[in-house]
Amino acid sequence: MSDALTVALPLPRHYRPQDVLAFHRRDAQAVAERVDDNHLEKGLLWSGLPARLSIHFAPDAARATLEVDGRTRGADAVRLESLARHMLGLNQPIEAFERRHGRHPVLGGLIRRQRGLRVPLTPGPFEALTWAITGQQISVSAAVSLRRRLIEACGATHSSGLKCYPDAARIAALSADAMRAAGFSNAKTQTLQTLARLVASGELPLDAWAVALPVDEITTALRSIRGIGPWTVSYALLRGFGFLDGSLHGDVAVRNSLQRQLDEPERIGEAQAREWLEPFAPWRALTAAHLWAALSMASY
131 MSDALTVALP LPRHYRPQDV LAFHRRDAQA VAERVDDNHL EKGLLWSGLP
181 ARLSIHFAPD AARATLEVDG RTRGADAVRL ESLARHMLGL NQPIEAFERR
231 HGRHPVLGGL IRRQRGLRVP LTPGPFEALT WAITGQQISV SAAVSLRRRL
281 IEACGATHSS GLKCYPDAAR IAALSADAMR AAGFSNAKTQ TLQTLARLVA
331 SGELPLDAWA VALPVDEITT ALRSIRGIGP WTVSYALLRG FGFLDGSLHG
381 DVAVRNSLQR QLDEPERIGE AQAREWLEPF APWRALTAAH LWAALSMASY
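Letter by letter, the sequence shown follows residues 131 to 430 of the numbering used here.
These are calculated hints, taken from the structure and not from any lab test.
Fair warning: there could be bad hints in the mix.
Unchecked claim - Here are the in silico distance ranges between beta carbons for each label pair:
hint	residue 1	residue 2	range
1	G380	N221	24 to 30 Å
2	P360	G291	35 to 41 Å
3	D393	G285	48 to 54 Å
What the hints assert, rightly or not - Using 16 Å as the maximum straight-line C-alpha spacing, the simulated EDC-like pairs for lysine to aspartate or glutamate come out as follows:
hint	residue 1	residue 2
4	K293	E257
5	K293	E282
6	K293	D157
7	K293	D199
Every residue gets a Cβ at the ideal spot worked out from N, C-alpha and C, and that includes glycine.
I would like the entire structure built from these sequences, with the hints used as guidance.
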(Lines of atoms letter the chains of each structure in order from A and count residues from 1; the text may use other names and numbers.)
(Lines give C-alpha, C1' and ligand atoms only; values in the text may rest on other atoms or scores of the structure.)
Protein backbone atom coordinates (compact mmCIF):
# COMPACT_ATOMS: atom_id res chain seq x y z
CA MET A 1 0.00 0.00 0.00
CA SER A 2 1.31 3.44 -0.96
CA ASP A 3 0.15 6.87 0.10
CA ALA A 4 0.58 9.58 -2.53
CA LEU A 5 1.20 13.28 -2.00
CA THR A 6 1.75 15.92 -4.70
CA VAL A 7 3.16 19.46 -4.52
CA ALA A 8 3.62 21.99 -7.32
CA LEU A 9 6.62 24.29 -7.62
CA PRO A 10 6.87 27.27 -9.97
CA LEU A 11 10.12 27.36 -11.93
CA PRO A 12 12.12 30.54 -12.57
CA ARG A 13 12.94 31.89 -16.01
CA HIS A 14 15.69 30.03 -17.81
CA TYR A 15 15.32 26.98 -15.58
CA ARG A 16 17.16 23.99 -17.08
CA PRO A 17 15.31 20.74 -16.30
CA GLN A 18 17.67 18.87 -18.62
CA ASP A 19 20.45 19.24 -16.04
CA VAL A 20 18.38 17.49 -13.37
CA LEU A 21 17.29 14.77 -15.77
CA ALA A 22 20.84 14.16 -17.00
CA PHE A 23 22.19 13.92 -13.45
CA HIS A 24 19.72 11.14 -12.64
CA ARG A 25 20.17 9.40 -16.00
CA ARG A 26 23.66 8.13 -15.11
CA ASP A 27 22.72 4.45 -14.88
CA ALA A 28 21.44 3.04 -18.17
CA GLN A 29 20.01 0.03 -16.29
CA ALA A 30 17.66 2.39 -14.43
CA VAL A 31 17.29 0.25 -11.33
CA ALA A 32 16.86 3.21 -8.95
CA GLU A 33 16.03 6.11 -11.29
CA ARG A 34 13.88 6.22 -14.40
CA VAL A 35 14.14 9.25 -16.66
CA ASP A 36 12.48 10.35 -19.87
CA ASP A 37 12.27 13.68 -21.69
CA ASN A 38 10.44 15.56 -18.95
CA HIS A 39 9.98 13.15 -16.07
CA LEU A 40 12.08 11.64 -13.28
CA GLU A 41 11.24 8.77 -10.93
CA LYS A 42 13.63 8.01 -8.09
CA GLY A 43 13.55 5.32 -5.43
CA LEU A 44 14.45 6.49 -1.95
CA LEU A 45 13.76 5.76 1.70
CA TRP A 46 11.30 8.10 3.41
CA SER A 47 11.57 7.76 7.18
CA GLY A 48 12.98 4.31 6.53
CA LEU A 49 10.14 3.21 4.22
CA PRO A 50 10.49 2.51 0.47
CA ALA A 51 9.19 5.41 -1.58
CA ARG A 52 9.00 6.62 -5.16
CA LEU A 53 9.59 10.31 -5.86
CA SER A 54 8.28 11.43 -9.24
CA ILE A 55 9.08 14.87 -10.66
CA HIS A 56 7.33 16.01 -13.83
CA PHE A 57 8.53 19.16 -15.61
CA ALA A 58 6.22 21.53 -17.47
CA PRO A 59 7.48 24.73 -19.14
CA ASP A 60 7.08 26.91 -16.05
CA ALA A 61 6.47 24.50 -13.17
CA ALA A 62 7.44 21.16 -11.69
CA ARG A 63 5.10 18.68 -10.00
CA ALA A 64 6.58 16.41 -7.33
CA THR A 65 4.68 13.30 -6.21
CA LEU A 66 5.74 11.02 -3.38
CA GLU A 67 4.37 7.50 -2.91
CA VAL A 68 5.42 5.78 0.31
CA ASP A 69 4.88 2.07 0.87
CA GLY A 70 3.26 0.98 4.11
CA ARG A 71 1.95 4.32 5.28
CA THR A 72 -1.54 4.75 6.65
CA ARG A 73 -1.26 8.54 6.83
CA GLY A 74 -0.20 11.08 4.25
CA ALA A 75 3.38 12.28 4.00
CA ASP A 76 4.38 15.79 5.07
CA ALA A 77 3.72 18.27 2.23
CA VAL A 78 6.12 20.83 3.68
CA ARG A 79 8.90 18.27 3.88
CA LEU A 80 8.21 17.07 0.33
CA GLU A 81 8.28 20.61 -1.03
CA SER A 82 11.54 21.29 0.79
CA LEU A 83 13.06 18.11 -0.64
CA ALA A 84 11.98 18.95 -4.20
CA ARG A 85 13.26 22.53 -3.97
CA HIS A 86 16.57 21.21 -2.69
CA MET A 87 16.98 18.59 -5.42
CA LEU A 88 16.02 21.04 -8.18
CA GLY A 89 18.46 23.69 -6.96
CA LEU A 90 15.72 26.26 -6.48
CA ASN A 91 17.34 27.67 -3.34
CA GLN A 92 20.56 28.55 -5.15
CA PRO A 93 21.16 32.32 -5.64
CA ILE A 94 22.41 31.95 -9.19
CA GLU A 95 21.04 35.31 -10.33
CA ALA A 96 23.54 37.18 -8.14
CA PHE A 97 26.33 34.97 -9.48
CA GLU A 98 25.34 35.61 -13.09
CA ARG A 99 25.14 39.38 -12.53
CA ARG A 100 28.51 39.45 -10.79
CA HIS A 101 30.47 37.36 -13.29
CA GLY A 102 28.49 37.60 -16.53
CA ARG A 103 31.15 39.79 -18.14
CA HIS A 104 34.17 37.82 -17.00
CA PRO A 105 36.47 37.20 -20.00
CA VAL A 106 36.38 33.42 -19.54
CA LEU A 107 33.51 32.50 -17.24
CA GLY A 108 31.19 35.10 -18.78
CA GLY A 109 30.97 33.17 -22.03
CA LEU A 110 29.98 30.01 -20.16
CA ILE A 111 27.36 31.88 -18.16
CA ARG A 112 25.81 33.33 -21.32
CA ARG A 113 25.71 29.93 -23.02
CA GLN A 114 24.54 28.10 -19.89
CA ARG A 115 22.25 30.75 -18.45
CA GLY A 116 20.13 29.50 -15.59
CA LEU A 117 22.47 26.63 -14.69
CA ARG A 118 21.83 25.28 -11.21
CA VAL A 119 23.46 22.33 -9.52
CA PRO A 120 21.14 19.30 -9.23
CA LEU A 121 21.40 17.87 -5.73
CA THR A 122 20.95 14.45 -4.16
CA PRO A 123 18.01 14.07 -1.77
CA GLY A 124 20.40 14.33 1.18
CA PRO A 125 24.05 14.59 2.17
CA PHE A 126 24.46 10.85 2.85
CA GLU A 127 23.76 9.90 -0.76
CA ALA A 128 26.19 12.55 -2.01
CA LEU A 129 28.91 11.39 0.38
CA THR A 130 28.55 7.72 -0.48
CA TRP A 131 28.51 8.50 -4.21
CA ALA A 132 31.67 10.62 -3.85
CA ILE A 133 33.46 7.86 -1.93
CA THR A 134 32.32 5.27 -4.45
CA GLY A 135 33.68 7.36 -7.32
CA GLN A 136 37.13 8.04 -5.89
CA GLN A 137 39.95 7.25 -8.32
CA ILE A 138 37.78 5.36 -10.83
CA SER A 139 35.85 6.24 -13.99
CA VAL A 140 32.27 7.47 -13.86
CA SER A 141 31.03 4.29 -15.58
CA ALA A 142 32.79 2.11 -13.02
CA ALA A 143 31.38 4.21 -10.17
CA VAL A 144 27.85 3.92 -11.59
CA SER A 145 28.21 0.13 -11.69
CA LEU A 146 29.42 0.02 -8.07
CA ARG A 147 26.60 2.31 -6.99
CA ARG A 148 24.04 0.02 -8.64
CA ARG A 149 25.45 -3.05 -6.93
CA LEU A 150 25.42 -1.30 -3.56
CA ILE A 151 21.77 -0.34 -4.02
CA GLU A 152 20.89 -3.92 -4.98
CA ALA A 153 22.87 -5.37 -2.06
CA CYS A 154 20.89 -3.27 0.41
CA GLY A 155 17.64 -4.69 -0.92
CA ALA A 156 15.10 -1.90 -0.39
CA THR A 157 12.52 -1.93 -3.21
CA HIS A 158 9.40 0.20 -3.70
CA SER A 159 6.19 -1.50 -4.83
CA SER A 160 6.69 0.15 -8.26
CA GLY A 161 9.80 -2.00 -8.72
CA LEU A 162 12.25 0.86 -8.23
CA LYS A 163 15.21 0.07 -5.99
CA CYS A 164 15.69 2.61 -3.21
CA TYR A 165 18.97 4.30 -2.45
CA PRO A 166 20.01 2.95 0.97
CA ASP A 167 20.20 5.00 4.14
CA ALA A 168 23.02 4.84 6.69
CA ALA A 169 21.39 2.09 8.73
CA ARG A 170 21.15 -0.26 5.76
CA ILE A 171 24.76 0.25 4.67
CA ALA A 172 25.98 -0.08 8.26
CA ALA A 173 24.15 -3.42 8.45
CA LEU A 174 25.97 -4.83 5.40
CA SER A 175 28.88 -7.12 6.14
CA ALA A 176 32.32 -6.31 4.80
CA ASP A 177 32.08 -9.50 2.72
CA ALA A 178 28.86 -8.25 1.12
CA MET A 179 30.50 -4.93 0.29
CA ARG A 180 33.48 -6.63 -1.29
CA ALA A 181 31.18 -8.98 -3.20
CA ALA A 182 29.54 -5.86 -4.63
CA GLY A 183 32.93 -4.81 -5.96
CA PHE A 184 34.17 -2.36 -3.32
CA SER A 185 37.82 -2.36 -2.34
CA ASN A 186 38.82 -2.96 1.26
CA ALA A 187 39.59 0.74 1.68
CA LYS A 188 36.25 1.94 0.30
CA THR A 189 34.40 -0.70 2.29
CA GLN A 190 35.99 0.54 5.49
CA THR A 191 35.31 4.20 4.69
CA LEU A 192 31.68 3.63 3.71
CA GLN A 193 30.91 1.46 6.72
CA THR A 194 32.62 3.87 9.12
CA LEU A 195 30.64 6.76 7.66
CA ALA A 196 27.38 4.78 7.78
CA ARG A 197 27.87 3.76 11.41
CA LEU A 198 28.65 7.32 12.48
CA VAL A 199 25.59 8.68 10.68
CA ALA A 200 23.28 5.91 11.90
CA SER A 201 24.41 6.47 15.51
CA GLY A 202 23.88 10.24 15.30
CA GLU A 203 27.57 11.06 15.76
CA LEU A 204 27.52 12.69 12.33
CA PRO A 205 24.22 14.67 12.32
CA LEU A 206 23.99 15.18 8.57
CA ASP A 207 20.34 16.23 8.55
CA ALA A 208 20.88 18.85 11.24
CA TRP A 209 23.97 20.09 9.43
CA ALA A 210 21.96 20.38 6.22
CA VAL A 211 19.76 22.96 7.95
CA ALA A 212 22.44 24.95 9.80
CA LEU A 213 25.29 24.36 7.28
CA PRO A 214 28.29 24.74 9.65
CA VAL A 215 30.82 24.24 6.86
CA ASP A 216 33.94 24.24 9.03
CA GLU A 217 32.42 21.74 11.46
CA ILE A 218 31.27 19.49 8.63
CA THR A 219 34.68 19.64 6.98
CA THR A 220 36.58 18.84 10.18
CA ALA A 221 34.30 15.93 11.07
CA LEU A 222 34.36 14.36 7.63
CA ARG A 223 38.11 14.80 7.16
CA SER A 224 38.65 12.85 10.40
CA ILE A 225 37.31 9.74 8.64
CA ARG A 226 40.01 7.75 6.91
CA GLY A 227 39.42 7.75 3.18
CA ILE A 228 37.65 11.12 3.02
CA GLY A 229 39.80 13.91 1.62
CA PRO A 230 39.31 17.49 0.40
CA TRP A 231 37.70 16.59 -2.94
CA THR A 232 35.15 14.26 -1.33
CA VAL A 233 34.22 16.91 1.23
CA SER A 234 33.87 19.71 -1.34
CA TYR A 235 31.84 17.48 -3.67
CA ALA A 236 29.52 16.34 -0.87
CA LEU A 237 29.09 19.91 0.37
CA LEU A 238 27.96 20.85 -3.13
CA ARG A 239 25.80 17.89 -4.18
CA GLY A 240 24.43 17.01 -0.75
CA PHE A 241 24.23 20.27 1.18
CA GLY A 242 23.93 22.78 -1.68
CA PHE A 243 27.04 24.72 -0.56
CA LEU A 244 28.22 26.63 -3.62
CA ASP A 245 31.68 27.71 -2.44
CA GLY A 246 33.67 24.51 -2.01
CA SER A 247 36.85 24.64 -4.11
CA LEU A 248 36.86 21.71 -6.52
CA HIS A 249 40.36 22.49 -7.79
CA GLY A 250 41.31 18.84 -7.30
CA ASP A 251 38.62 17.60 -9.69
CA VAL A 252 40.10 16.24 -12.91
CA ALA A 253 37.12 17.23 -15.06
CA VAL A 254 37.19 20.79 -13.69
CA ARG A 255 40.89 21.09 -14.52
CA ASN A 256 40.42 19.59 -17.99
CA SER A 257 37.61 22.00 -18.76
CA LEU A 258 39.59 24.94 -17.42
CA GLN A 259 42.53 23.97 -19.62
CA ARG A 260 40.21 24.02 -22.61
CA GLN A 261 38.64 27.36 -21.66
CA LEU A 262 42.05 28.98 -21.14
CA ASP A 263 43.43 27.32 -24.30
CA GLU A 264 46.43 26.13 -22.31
CA PRO A 265 48.78 23.64 -24.02
CA GLU A 266 49.78 22.06 -20.69
CA ARG A 267 47.59 20.34 -18.14
CA ILE A 268 46.23 22.56 -15.37
CA GLY A 269 47.53 21.55 -11.95
CA GLU A 270 45.65 21.74 -8.67
CA ALA A 271 47.51 24.84 -7.49
CA GLN A 272 46.74 26.72 -10.70
CA ALA A 273 43.08 25.65 -10.62
CA ARG A 274 42.77 26.72 -6.97
CA GLU A 275 44.25 30.14 -7.80
CA TRP A 276 41.92 30.57 -10.79
CA LEU A 277 38.80 29.62 -8.83
CA GLU A 278 39.60 31.75 -5.78
CA PRO A 279 38.24 35.11 -7.10
CA PHE A 280 34.83 33.51 -7.69
CA ALA A 281 34.13 32.99 -3.96
CA PRO A 282 31.47 32.55 -2.61
CA TRP A 283 30.51 30.65 -5.79
CA ARG A 284 33.60 28.56 -6.52
CA ALA A 285 31.68 25.28 -6.68
CA LEU A 286 29.02 26.83 -8.91
CA THR A 287 31.85 28.02 -11.15
CA ALA A 288 33.14 24.43 -11.20
CA ALA A 289 29.66 23.27 -12.21
CA HIS A 290 29.79 25.60 -15.22
CA LEU A 291 33.13 24.05 -16.14
CA TRP A 292 31.60 20.58 -15.79
CA ALA A 293 28.69 21.57 -17.98
CA ALA A 294 31.05 22.88 -20.64
CA LEU A 295 32.36 19.31 -20.91
CA SER A 296 28.83 17.88 -20.69
CA MET A 297 29.89 16.01 -17.56
CA ALA A 298 26.36 15.61 -16.28
CA SER A 299 27.30 12.45 -14.40
CA TYR A 300 29.35 14.34 -11.85
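### Query
Taking only the CA atoms, is the gap from K293 to E257 under or equal to 16 Å?
Answer holds: K293 to E257 is near 14 Å, not above 16 Å.
### Message
Range first: 24 to 30 Å. Now tell me if the beta carbons of G380 and N221 are that far apart.
### Response
holds, 26 Å
### Query
Is 35 to 41 Å right for how far apart the beta carbons of P360 and G291 are?
holds, 39 Å
### Task
Could you grab the alpha-carbon distance between K293 and D199 and see if it respects the 16 Å cut-off?
holds, 13 Å
### Distance restraint between K293 and D157, which requires alpha-carbon spacing of 16 Å or less
holds, 12 Å
#### Entry: C-beta pair D393, G285: status relative to the range 48 to 54 Å that was hinted
Once the Cβ atoms are compared, 50 Å apart, the range 48 to 54 Å for G285 and D393 holds.
### Message
Against the 16 Å threshold, does the CA-CA distance of K293 and E282 hold or violate the hint?
### Response
Distance ~7 Å between K293 and E282 Cα, so the pair holds.
Consistency note: the structure conflicts with none of the earlier hints.
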